[in-house]
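> Top line first, the protein sequences correspond to chains A and B. Heads up: the first sequence begins at 1 in the numbering used here, then just goes up one per residue. Heads up: the second sequence begins at 1 in the numbering used here, then just goes up one per residue.
Derived by calculation from the structure, the hints in this document are not laboratory data. Computed from a predicted model, the values in this text were never measured in an experiment. All residues carry an ideal CB built from backbone N, CA and C; glycine is no exception. The reader is advised that the hints may include incorrect statements.
[What the hints assert, rightly or not] Quick list of simulated restraints, FRET-style, between CB atoms:
(1) Gly16/B with Ser27/A: 35 to 43 angstroms
(2) Asp63/A with Lys71/B: 30 to 38 angstroms
(3) Lys71/B with Gly40/A: 40 to 48 angstroms
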Amino acid sequence: EPEVTQTPSHQVTQMGQEVILRCVPISNHLYFYWYRQILGQKVEFLVSFYNNEISEKSEIFDDQFSVERPDGSNFTLKIRSTKLEDSAMYFCASTLDYFSYNEQFFGPGTRLTVL
Amino acid sequence: GESVGLHLPTLSVQEGDNSIINCAYSNSASDYFIWYKQESGKGPQFIIDIRSNMDKRQGQRVTVLLNKTVKHLSLQIAATQPGDSAVYFCAEIDGSGNTGKLIFGQGTTLQVKP
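I would like the entire structure built from these sequences, with the hints used as guidance.
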């Protein structure tokens, strides 16, 4: 069964450092998403990506964040200068076609710890 | 603004009993709702969905009920098993956008006692 994969599973970084979280969505999917979940809280939308551009972003997704689909298979989330409050689980998700209410598949997540 | 919320943070049930997890939403324009299960250390896993033109949908051991009049969603799990222990989130597709972004509720922890 196809699945969304994410690497690394756990990333520890110093405040102010750049991190890149990587995702490989399901191969024939067209819509890609990043969500985050602070420990014990609900999952929050960060950004959606379609046709090689951002289609929507939340207030959380400020200038320190960027996304990229560099090679047609990977989907990355970059945080340029991490802050303590960026510590969270980051989930990548993909879906075939939003307009047909297709299921959004989530990856296992990357736990980001900012020290 | 729109929000999706849950009535109870924790639900404890005996193995074999039926579980009912509730969710309230505030955006009457929402037209698609999903229940996700999240086990410890894992990403959300799709359980069942329902469109706003339906009031009930059944899956294997799970049933979702939608009451648009009171903007309420529930997930019923029949014959709850230890493997059902997890956090359950309701989510809605934001009907005001065209991106498929999910808005999640706070989550209910389901504890199944053997």
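> Please go over all the hints and tell whether each is borne out by the structure.
Hints and how they fare:
no. : hint                                     : in the structure
1   : Gly16/B with Ser27/A: 35 to 43 angstroms : holds (41 angstroms)
2   : Asp63/A with Lys71/B: 30 to 38 angstroms : holds (36 angstroms)
3   : Lys71/B with Gly40/A: 40 to 48 angstroms : violated (26 angstroms)
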